[in-house]
Amino acid sequence: MASKTNDPAAHADDIVSRRGEVSASLAHTCSRIKDVLTYSSAYLVFIAMIEVLTVHLVLSLPLNPAPVVVGLVTFSVYAGDRIADADSDALSTPERSAFVTRHREALSLLTAGAYGVAIAIAITGGPLALAITLLPGGFWILYASDWFPTLGRRFKRLKQILVVNSAMVASAWAIAVVGLPLAFAEATVTPLSGVVFVYFLVDTFVNTEIPNVRDVEADAADGVSTLPVVFGIRRTRHALYGLDLFLVAFVALTLAFGPLTVALAGAILVGLGYALVLAWFVGRTNAPGRLAIAGESKHLVVFALLLVSTAGI
Amino acid sequence: MHPPTTVVVPLLFGSIATGSGAAILAWRERPNPGATPLVWLLGGQSVWATCIIFSLSAESVSETLTWTKLGWIGVMIVPVAWILFALEYTGRDQYITRRSVALLSVVPVLTVCLAVTEQYHGLLYVRPAGVTVDGAVVAEQGGLWYGVAAAYTYLLGVLGIVPILGLVSSRATAFRGQSAALLVGITTPWATNILYNAGALPSAGIDPTPIAFAVSGVAYLGAIRRFRMFGANPAPTWRAKEFLFDHIHEGAIVVDGHDTIVEINQTGAAVLGVDVDRALGSPASELLPVNGPIQADGGRDFLTVGTESTSQSYDVTVTELTDRRDHTLGFVFTLHNVTRYLQQQQRLKVLNRVLRHNIRTEANIIQGYAERTADETAETIKRRTMRIVELSEKGRDAIDLFEDAVGEWNQSSLDSIVGDCLAGARDAFPDVAFELERPTEDATIPDGAAVVVNNLIENAAVHNAGSDPRVSVSAWVESDRAVVQIADNGPGIDEYELDILDSGTETPLRHGSGLGLWLVKWGTETIGGSVDFEPAEPTGTIATLTVPLSGSDGRTPAPRDG
Chain A
1 MASKTNDPAA
11 HADDIVSRRG
21 EVSASLAHTC
31 SRIKDVLTYS
41 SAYLVFIAMI
51 EVLTVHLVLS
61 LPLNPAPVVV
71 GLVTFSVYAG
81 DRIADADSDA
91 LSTPERSAFV
101 TRHREALSLL
111 TAGAYGVAIA
121 IAITGGPLAL
131 AITLLPGGFW
141 ILYASDWFPT
151 LGRRFKRLKQ
161 ILVVNSAMVA
171 SAWAIAVVGL
181 PLAFAEATVT
191 PLSGVVFVYF
201 LVDTFVNTEI
211 PNVRDVEADA
221 ADGVSTLPVV
231 FGIRRTRHAL
241 YGLDLFLVAF
251 VALTLAFGPL
261 TVALAGAILV
271 GLGYALVLAW
281 FVGRTNAPGR
291 LAIAGESKHL
301 VVFALLLVST
311 AGI
Chain B
1 MHPPTTVVVP
11 LLFGSIATGS
21 GAAILAWRER
31 PNPGATPLVW
41 LLGGQSVWAT
51 CIIFSLSAES
61 VSETLTWTKL
71 GWIGVMIVPV
81 AWILFALEYT
91 GRDQYITRRS
101 VALLSVVPVL
111 TVCLAVTEQY
121 HGLLYVRPAG
131 VTVDGAVVAE
141 QGGLWYGVAA
151 AYTYLLGVLG
161 IVPILGLVSS
171 RATAFRGQSA
181 ALLVGITTPW
191 ATNILYNAGA
201 LPSAGIDPTP
211 IAFAVSGVAY
221 LGAIRRFRMF
231 GANPAPTWRA
241 KEFLFDHIHE
251 GAIVVDGHDT
261 IVEINQTGAA
271 VLGVDVDRAL
281 GSPASELLPV
291 NGPIQADGGR
301 DFLTVGTEST
311 SQSYDVTVTE
321 LTDRRDHTLG
331 FVFTLHNVTR
341 YLQQQQRLKV
351 LNRVLRHNIR
361 TEANIIQGYA
371 ERTADETAET
381 IKRRTMRIVE
391 LSEKGRDAID
401 LFEDAVGEWN
411 QSSLDSIVGD
421 CLAGARDAFP
431 DVAFELERPT
441 EDATIPDGAA
451 VVVNNLIENA
461 AVHNAGSDPR
471 VSVSAWVESD
481 RAVVQIADNG
491 PGIDEYELDI
501 LDSGTETPLR
511 HGSGLGLWLV
521 KWGTETIGGS
531 VDFEPAEPTG
541 TIATLTVPLS
551 GSDGRTPAPR
561 DG
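These protein sequence lines map, in sequence, to chains A and B.
No gaps in the numbering here: position 112 of the first sequence is 112 in my numbering, and each next residue is one more.
No gaps in the numbering here: position 416 of the second sequence is 416 in my numbering, and each next residue is one more.
Treat the hints as calculated values from the structure; they're not laboratory data.
For every residue, glycine included, the Cβ atom is placed at its ideal position computed from N, Cα and C.
Take these hints with a grain of salt, some might be off.
A partial selection of chain A residues facing chain B, derived with a Cβ cut-off under 7 Å [claimed, not checked]:
#1 Ala98
#2 Val117
#3 Ala120
Residues of chain B clear of chain A, computed beta-carbon distances all greater than 10 Å [stated by the list, open to error]:
#4 Ala17
#5 Asn32
#6 Phe54
#7 Ser57
#8 Ile73
#9 Arg92
#10 Thr187
#11 Arg396
#12 Ala465
#13 Ser472
#14 Glu478
#15 Asp480
#16 Glu495
#17 Leu501
Let's have the full structure, built from the sequences with the hints guiding it.
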């Protein structure tokens with residue numbers, strides 16, 4: 001009898017236990033996916049592709065392989081950079097450094113293969129598309145490696161030089177994001193494309209400096225001069241306000257006198273408002289990693305607004 | 001640009017993707033030996049394939065020709081990068097200098113210049129040769145210089161393969177795998193190119209060599225990842241052999257079978273007082289103490305160079321070099337500096353004479369004067385003088401040991417050594433009761449053992465001050481060694497004395513009571529034996545000497561020290 005009366009209870013426990021195991025397993029899987037997306041920089045691939053699609057939308061370009069190429073190059077360069085800096089990143093981002101170190105072999109192969117495939121696809125767009133595709137890799141080599149090892153101490157890694165480091169990163173990505181869709185479409189450069197280029201250039205510069213606040217100790221130890229290292233966090237915040245406000249003024253001016261449409265200007269200004277709010281959190285949040293991701297995610301907001309305004313979605 | 005649809009184009013895209021990916025992997029492996037030239041090699045092949053695609057997708061004939069000409073940059077980077085890679089990867093980077101790279105680049109640079117300016121000379125022409133079914137313009141290339149460039153490319157290809165081939169037979173599996181992958185990677189495009197130039201490949205006028213580079217890319221990737229090309233690198237092995245030959249303290253001279261010096265290291269040249277370059281190619285018999293035909297392992301010879309006060313003596317050893325079939329290839333002479341050893345030997349001879357004759361003579365004179373008086377002081381003088389004589393004799397025994405240690409031991413029978421030693425002890429110590437257990441089986445051992453046995457027996461007898469002093473000696477043979485055991489009922493050896501023996505040296509504050517136990521230690525060391533001391537019950541010491549048996553020829557080389 002006792003065993004019979006106990007049977008249903010045991011069965012219920014089993015179900016509860018299995019449900020618990022399933023939810024724990026699901027949570028574990030989700031956690032692992034999140035780790036892979038964030039630590040390997042895969043989320044940046046998605047955002048980079050959205051940026052290129054934004055350019056497509058703004059410049060009314062036909063869909064071409066540019067988003068795929070930029071996505072592959074983004075993954076290759078960012079994950080490659082994280083492999084190269086895995087040791088020095090152990091101080092500022094120990095979890096990411098541990099993830100990269102653990103999967104170094106696979107990431108190394110994937111990043112190399114991704115760039116190889118990106119180059120092969122870019123060739124279908126012609127020499128200009130190929131050149132633009134090679135640009136982020138070339139800039140990364142100039143940026144991160146001891147390119148002038150025999151020319152004396154005056155020539156240090158460009159990554160170590162104030163403003164030059166972030167400006168190089170911003171230039172490479174702005175050229176790739178704006179130039180590649182144009183090259184694939186064999187479209188001519190217009191004033192509107194110039195405006196879009198300036199927007200992505202300044203915006204990428206801002207997004208490059210936000211994570212530098214978190215990395216200030218590691219960068220200082222590595223001899224890398226960034227805005228937070230040289231001017232401190234408060235002044236960096238002010239500089240980011242200044243850059244975002246410059247973009248606001250630039251968008252307003254181009255709306256008034258240039259080729260920018262109201263819908264486009266509105267989307268960008270909403271994005272810049274979002275950026276100014278994020279700038280306020282610089283140095284004031286306990287989750288600087290999330291702040292960096294939020295900064296990159298601004299392009300999702302702008303793209304969504306553009307989709308709504310242009311396509312009526 | 002219109003997209004080409006030729007069937008080879010997807011393969012070219014594959015070649016570019018794998019080549020670029022492998023180049024990035026190789027780039028990350030810098031500064032490992034071979035990484036940088038491999039980046040250039042893979043970059044060159046990618047440029048070549050890219051230019052072919054652009055030439056096929058060009059919208060005008062002139063554009064096609066321009067891309068074909070630019071493709072020569074990639075074409076000519078490949079062989080130079082390959083030879084540099086092969087040299088650096090296999091550790092022959094001393095051949096890679098700015099000058100050698102510049103010289104290697106002369107033909108490639110000239111080729112690219114001739115390709116770009118082909119309309120002015122025709123030495124390397126690039127002409128439109130028709131249109132494919134897909135509408136792509138096909139360029140034909142040729143001319144006198146085309147043959148030169150192709151021959152140069154093949155030459156560098158073969159020269160690069162030679163050192164890699166050496167690794168195929170490496171004892172290290174990783175290097176075999178790496179080199180096999182590299183050979184597949186380089187021979188596939190080269191073979192394709194040769195077949196294409198010979199007209200043996202149906203490729204619609206398109207050079208399929210860059211397609212074959214897709215195979216190369218995969219092979220190089222395999223070498224890098226599967227066989228850890230940059231994780232386990234053979235480069236140091238080649239350099240290590242050179243380093244060892246050049247930097248060992250011994251002089252080393254390699255002589256071929258015709259008495260010609262074919263290799264000599266710096267030490268060897270310094271010993272012979274010649275310049276390395278002058279020595280190479282010289283007859284060995286003019287520089288080395290060679291009497292008649294060279295014979296390896298034919299005994300030792302000394303070579304003395306320099307004037308009398310600064311002369312240096314060298315022990316010359318000749319070792320034969322043979323091929324796999326045991327045919328003589330040549331000889332290696334090694335010159336080991338033995339000047340200090342010979343000087344030491346001369347000093348020992350002088351000391352031996354002084355201890356053997358002079359001290360005994362002086363002691364006899366002192367004893368003679370002491371005997372003219374008959375008081376207690378005279379007895380003390382005589383006793384102490386005898387002690388000096390004993391010490392000098394032990395010192396002489398020690399010198400004999402050291403001299404014999406560097407020569408060859410005479411051999412004696414175990415039974416006779418034990419018997420003689422005990423007979424001597426009975427004469428010297430009549431108050432001590434000796435027992436002898438002779439070996440049931442006799443054996444031949446180095447006669448240096450006599451010094452050890454003598455001192456062990458003397459030690460057991462002289463310090464035994466009891467009312468019934470006894471010393472028993474037994475000897476036997478155990479497989480390949482002889483054992484002599486000396487047991488006494490004395491007070492036992494002071495631990496302090498044994499500690500000093502174990503430490504191997506004495507200091508002014510920490511020293512033993514005499515030379516006896518030192519002779520036991522040095523004697524056992526020089527004959528390759530060992531000795532153990534154990535306390536006996538109820539009192540006394542058991543000393544066990546173990547000595548290796550001599551060879552069947554009755555003589556055995558003494559162990560060399562140092």
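We went through each hint and held it up to the structure:
| no. | hint | result |
| --- | --- | --- |
| 1 | Ala98 | violated (20 Å) |
| 2 | Val117 | holds (5 Å) |
| 3 | Ala120 | holds (4 Å) |
| 4 | Ala17 | violated (4 Å) |
| 5 | Asn32 | holds (14 Å) |
| 6 | Phe54 | violated (6 Å) |
| 7 | Ser57 | violated (8 Å) |
| 8 | Ile73 | holds (14 Å) |
| 9 | Arg92 | holds (22 Å) |
| 10 | Thr187 | holds (23 Å) |
| 11 | Arg396 | holds (68 Å) |
| 12 | Ala465 | holds (74 Å) |
| 13 | Ser472 | holds (72 Å) |
| 14 | Glu478 | holds (59 Å) |
| 15 | Asp480 | holds (55 Å) |
| 16 | Glu495 | holds (56 Å) |
| 17 | Leu501 | holds (54 Å) |
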